[in-house]
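J.: Residue numbers (the numbering used here), protein chains in the order written: chain R, 1 to 74; chain U, 1 to 147.
These are computed hints drawn from the structure, not numbers from a lab. Careful, some of the hints might be misleading.
As the list claims (entries may be wrong) - Coverage of chain U stretches by chain R, computed from C-beta distances (three or more under 8 Å per stretch; other residues unrestricted):
1) 11–20
2) 25–35
What the hints assert, rightly or not - Have a look at the derived ranges for each label pair, beta carbon to beta carbon:
3) U:54 - R:63: 29 to 37 Å
4) U:127 - R:21: 23 to 31 Å
5) U:4 - R:20: 18 to 26 Å
6) U:71 - R:33: 44 to 52 Å
7) U:43 - R:42: 34 to 42 Å
8) U:32 - R:62: 29 to 37 Å
9) U:89 - R:49: 27 to 35 Å
10) R:14 - U:34: 19 to 27 Å
11) U:1 - R:53: 34 to 42 Å
12) U:129 - R:33: 22 to 30 Å
Heads up, the beta-carbon is just placed ideally off N, CA and C, and yes, glycines get one too.
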Amino acid sequence: MLIITRRPGEKIMVGDDIVVHVMEIVGNSVRVGIQAPRSIPVYREEIWNAVRDENRAAADAAPQDLPVPSERDA
Amino acid sequence: MSTVTVESSRFGTLEIEADAIIEFPTGLIGLDSRRWTIVGEITDGPFQWLHSIEDPSLALPVTSPWAFFAGYEVALSDEDTARVDAQEDTVVFVTVRAGSELSDFSANLRAPIVISGGRGHQVINETQDAPVRAALFPEVAAETAAA
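Chain U on its own, in the form it takes in the complex (with noise of 0.2 Å):
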């Protein structure tokens, strides 16, 4: 199968199989990239990135929500439902901002990454209880308000 090859900043060379790039048709918002890769197994730990193929320069870490957030809901805008096209194959992601301390560390839950049939959407998240900054680790954030 071809390869394309990626001289990641964070990783080195990755060599990245056809099937694994996911097009992303709107790209993620306010960033330059269209044609993405996820990098890092669900195995190694919770958390994976989303590399772009197009800059090398260009990685979000990413967590599966419900890795952190048992009860997380992912509602729809009609519009979303249709571009997104769940598949049997679908996987939700959601980005993650890392922060010096372990209670810095937030999720985006209001615009979670959601991937069919390898393609890509970020879409919004319309339940009421989804912040773009929701903590990680509330019980580290918690003891650090505290302490």
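Looking at chain R on its own, in the form it has when it is part of the complex (with noise of 0.2 Å):
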């Protein structure tokens, strides 16, 4: 891991194409603006972990898990 210091307005280059922006620091909270190729999706970590294993525990159903839709009905 690469650890560096920066100062809010001061921003970091990740490649030629993936601007990271330290835009400002309130109390305990730093606002990061982040500029990247339509090709690469940007998430909060805690959103794609939480998909990630949304996709994953779906990704082990079989088809006889799910219900028919009679079986709604009993």
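With the hints in hand, could you dock these two chains into one complex?
T.: Pasting the structure below:
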């Protein structure tokens, strides 16, 4: 891991196309702007983790696990 | 028309027509596949399967969110809106987490799958009320909780 110190207003380049902009620091929060090519989605880590977990859990299902419509009326 | 054959671990031999292949340029979050197809018809019931073309054992049950959540809304960031590039043929699915009981079934309303023009994207729904795990059968879940 690369660890560097930046002040508000300074930026970080990741490769040639991704810019991480340290915009402001308020209390214990840092506002960060990220410019990335459309081909690279940017996620908050906790959302990325939650969606990954749901995707993997969904992929565990077998066809017989799903209810048939009549079962819902039972 | 040319077809692709997938020896599905769940469904046996699938002949997928070329125009039924959906390219996901950035894949699905945490799953290593870029080419998928939909198995099953809307008329078969509420559930279809998003099935990988590249990994014959990789498939997720999906449903139309509006089959279960009539008031469901999707709000996308400008970046996701541009990425999705919605056309007239746009369809929206949500992934389904199966459970041992109906009360355990849920859908991921936070990260719908938007398919348009033969391309698919799993996007982040910015709407406030879009849980990652929304009960599919809340009436059953409520009965279970009350019992």
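J.: Given the range 44 to 52 Å, decide if the beta-carbon distance of residue 71 of chain U to residue 33 of chain R lies inside it.
T.: violated, 33 Å
J.: The hint says 19 to 27 Å between residue 14 of chain R and residue 34 of chain U; measuring C-beta to C-beta, is that right?
T.: Holds, at about 22 Å.
J.: Using the Cβ atoms, figure out if residue 129 of chain U sits within 22 to 30 Å of residue 33 of chain R.
T.: The hinted range 22 to 30 Å holds for residue 129 of chain U and residue 33 of chain R, with Cβ atoms some 27 Å apart.
J.: Looking only at beta-carbon atoms, does the pair residue 43 of chain U, residue 42 of chain R fall within the given range of 34 to 42 Å?
T.: Since the Cβ atoms of residue 43 of chain U and residue 42 of chain R sit about 38 Å apart, the hinted range of 34 to 42 Å holds.
J.: So the hint says 29 to 37 Å: do the beta-carbon atoms of residue 32 of chain U and residue 62 of chain R match that?
T.: violated, 20 Å
J.: For the region 25–35 of chain U, count the residues whose Cβ lies under 8 Å from any Cβ of chain R; is that count three or more?
T.: holds (count 6)
J.: Does the Cβ-Cβ separation between residue 127 of chain U and residue 21 of chain R fall within 23 to 31 Å?
T.: Distance hint for residue 127 of chain U, residue 21 of chain R holds at roughly 26 Å.
J.: For the pair residue 89 of chain U and residue 49 of chain R, does the Cβ-Cβ distance stay inside 27 to 35 Å?
T.: Hint holds: Cβ distance 32 Å, inside 27 to 35 Å.
J.: Does the Cβ-Cβ separation between residue 54 of chain U and residue 63 of chain R fall within 29 to 37 Å?
T.: Hint violated: Cβ distance 20 Å, outside 29 to 37 Å.
J.: For the pair residue 4 of chain U and residue 20 of chain R, does the Cβ-Cβ distance stay inside 18 to 26 Å?
T.: violated, 40 Å
J.: Taking the beta carbons of residue 1 of chain U and residue 53 of chain R, is their distance inside 34 to 42 Å?
T.: At 38 Å between Cβs, range holds.
J.: Under 8 Å between beta-carbons, do enough residues of the region 11–20 of chain U, three at least, approach chain R for the coverage claim to hold?
T.: Since 1 is below three, the answer is violated.
Against the hints set out earlier in the document, violations occur for numbers 1, 3, 5, 6, 8.
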